[in-house]
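*Asks:* Using this note's numbering, you'd call the opening residue of the sequence shown number 2 and step up by one each time.
These are calculated hints, taken from the structure and not from any lab test.
The beta carbon of each residue, even a glycine, is placed where N, CA and C say it ideally should be.
Some hints here could point you the wrong way.
As the list claims (entries may be wrong) - Derived DEER-like restraints, expressed as beta-carbon distance ranges:
id : residue 1 : residue 2 : range
1  : G77       : G105      : 26 to 34 angstroms
2  : R54       : A112      : 25 to 33 angstroms
3  : S79       : A112      : 15 to 23 angstroms
4  : N102      : E48       : 30 to 38 angstroms
5  : G77       : N102      : 18 to 26 angstroms
6  : S106      : N43       : 15 to 23 angstroms
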Amino acid sequence: MEAGSHVLYLLLDNTLQNNVCVSAVCFSLCSEIPLYHFVDKNLTWSEAQQFCRQHYHDLACVSSSEDNLRLPRPPGYSAPVWIGLYDDPTDLSQWKWTATNSSGSFQNWRAAEDQPRYIHEPQQCAAMMWSTWFSRSCSERHRFKYRMFLSLVQGTINC
């Protein structure tokens with residue numbers, strides 16, 4: 002594909018956007034790219050999840066160290082932010098991603114004690130600070146990160 006040609010972007014909500022493509026940012030046919038955004042609102046984990054699902058896709062899901070580094074870090078911001086990981090109350094040995102309702106193999110806990118498994122604690126959700134994760138009560142209020150997908154469909158557009 003040549004620089005300056007057009008590419009259709011099929012967003013998760015099935016809308017199309019037409020953008021000029023620079024050759025360095027073109028991707029192969031039908032690839033999916035997660036886009037992460039920081040939301041500067043103090044919400045509980047459930048409120049943050051609802052906000053993300055209404056406006057975008059879901060809370061951020063991290064499946065690799067590359068994903069973990071790709072999450073936005075606002076300059077000078079050093080408070081916890083919610084990500085889409087929660088302690089499954091029906092299975093005390095599992096943390097699950099809200100977007101897939103499944104556990105993943107990648108983990109980046111700050112320390113072993115940051116994964117509580119106490120039956121009398123309130124449900125725990127994962128927050129992130131400086132690229133490491135730690136558990137917090139889901140009822141605390143923090144800012145959050147959400148993820149949406151951008152599907153690229155390669156092709157020219159006749160105007």
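*Asks:* If a hint holds in the structure, say so; if it doesn't, say that too.
*Replies:* So, going through the hints one by one against the coordinates:
1. For G77 and G105, the Cβ-Cβ distance of about 30 angstroms falls inside the hinted range of 26 to 34 angstroms, so the restraint holds.
2. Taking 25 to 33 angstroms as the suggested C-beta distance range, the pair R54 and A112 conforms, at roughly 31 angstroms.
3. Judged by the Cβ atoms, the range 15 to 23 angstroms given for S79 and A112 holds: they are separated by roughly 18 angstroms.
4. Our hint of 30 to 38 angstroms for N102 and E48 is violated, since their Cβ atoms are close to 19 angstroms apart.
5. A hinted range of 18 to 26 angstroms for the beta carbons of G77 and N102 is inconsistent with their spacing of about 35 angstroms.
6. Under the hint 15 to 23 angstroms, the C-beta atoms of S106 and N43, about 31 angstroms apart, miss the expected range.
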